[in-house]
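Trainee: Residue numbers (our numbering), protein chains in the order written: chain A, 3 to 209; chain B, 5 to 135.
Calculated directly from the structure, the hints in this document are not laboratory data.
Where hints are given, some of them may not hold.
[To be verified] Simulated restraints on C-beta separations:
{"#": "1", "chain 1": "A", "residue 1": "108", "chain 2": "B", "residue 2": "64", "range": "14 to 20 Å"}
{"#": "2", "chain 1": "B", "residue 1": "26", "chain 2": "A", "residue 2": "154", "range": "48 to 54 Å"}
{"#": "3", "chain 1": "B", "residue 1": "32", "chain 2": "A", "residue 2": "105", "range": "24 to 30 Å"}
{"#": "4", "chain 1": "B", "residue 1": "22", "chain 2": "A", "residue 2": "203", "range": "53 to 59 Å"}
{"#": "5", "chain 1": "B", "residue 1": "76", "chain 2": "A", "residue 2": "189", "range": "55 to 61 Å"}
Computed from a prediction, not measured in an experiment: that's the story for all the values here.
In this text, a Cβ means the ideal position worked out from N, Cα and C, and glycines have one as well.
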Amino acid sequence: MSAFATLLPEDADLSSTGNTDLPESMQLNLRSLEHFLADIERRAFRIAQIALRHEEDAFDAVQDAMLQLARHYSARPPAEWKPLFYRILENRIRDLQRRRVVRARVMAWMPWRANDEYDDDPIMQAPDTAPGPMAQLQDQQLLQALQRALRVLPARQRQAFLLRNLEGLDVAGTAMAMQCSEGSVKTHYFRALRALRALLGEHVDEQ
Amino acid sequence: MNNEGDNAGDGFEQRAGAALRDSVGQLDARTRSRLTGARHAALEQARAATRFHWRSWAPAGALALALLVTLLYLRPPAVPAPPPGPVAALDDLELLGDAEALELNVGPNGDTADYDFYEWAAAVASGRSGI
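So here's chain A without its partners, still in its complex pose (with noise of 0.2 Å):
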């Protein structure tokens, strides 16, 4: 599937190619499909890591969730967009953790195969997330405690709170992306807030 990406400049704009023998409302569509895309592309490639720990895989799932939105959902009504997407995208990364288990197991059969990149301490390895200049210490530190603290809460806490926090979603949506009714996702969002504070302490109190 990787094989689909190509390096493409960041404002390449090819909406305009290709769409001239469609009816304006299907050219419509399409470039809202594509402004939807371009502004959620980044947030779902970190709510993929985190789940993952694995940039590449990450990469993966995010693709697979892209094309199964255009191929199957785009004529939904734009606003169905956000929380298909992200329900597509839940289940490609549960399907790549199930993968990665299958994977080990069969690996431990094979103990004179090199160790390969799930092996080490999935807590501690932690993909450098943020590389760059650090704006401030504290914010750099929080966000690595925030993610390693992120991939030991359950699923479906983990999801709730990404969703509402990181992408910014409303009860509603959420509600719809993790297929689950209003009151669940505040549990699990309160659960998940609860399970935050009590695992990045120091963090909480600082101001």
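Starting from the known structure of chain A, arrange chain B on it as the hints suggest.
Mentor: Below, chain B alone, put in the same frame as chain A:
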């Protein structure tokens, strides 16, 4: 939902959210470029699917519409069935009412009466049969 410690929770929530959003802006150029490529690949899929559906179903839809209009235009006008006359309706009622009267036509042995025989017998009795 438990609101205990809300103030500390709100401050932590805001800081956590801000830190996560800042980290999004710090993705390296290679990752951003790959995401752009993935986005365009997905859009190309969407264009291809949209174009396929438009080209497949637009002429078929137009043909179906033309056939429907033709059928509606050429359909013979429906001829309403004649309403049942008042005499026919009364006959029906009489038949229904006379259903029990049929029992009088049954003979002592259960066989039905032979009206032709009775007429002939009556004619003989009155001397009309010529016998």
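Trainee: Taking 24 to 30 Å as the stated bounds, is the beta-carbon spacing between residue 32(B) and residue 105(A) within them?
Mentor: For residue 32(B) and residue 105(A) the Cβ distance comes to about 27 Å; the hint holds.
Trainee: Measuring from beta carbon to beta carbon, are residue 22(B) and residue 203(A) in 53 to 59 Å?
Mentor: 19 Å, violated
Trainee: Holds or violated: the 14 to 20 Å window for the beta-carbon distance between residue 108(A) and residue 64(B)?
Mentor: 49 Å, violated
Trainee: Is the distance from the Cβ of residue 26(B) to the Cβ of residue 154(A) consistent with 48 to 54 Å?
Mentor: For residue 26(B) and residue 154(A) the Cβ distance comes to about 22 Å; the hint is violated.
Trainee: Do the beta carbons of residue 76(B) and residue 189(A) sit within 55 to 61 Å of each other?
Mentor: Since residue 76(B) and residue 189(A) have Cβ atoms about 57 Å apart, the given range 55 to 61 Å holds.
Hints 1, 2 and 4 from the earlier list are contradicted by this structure; the remaining hints agree with it.
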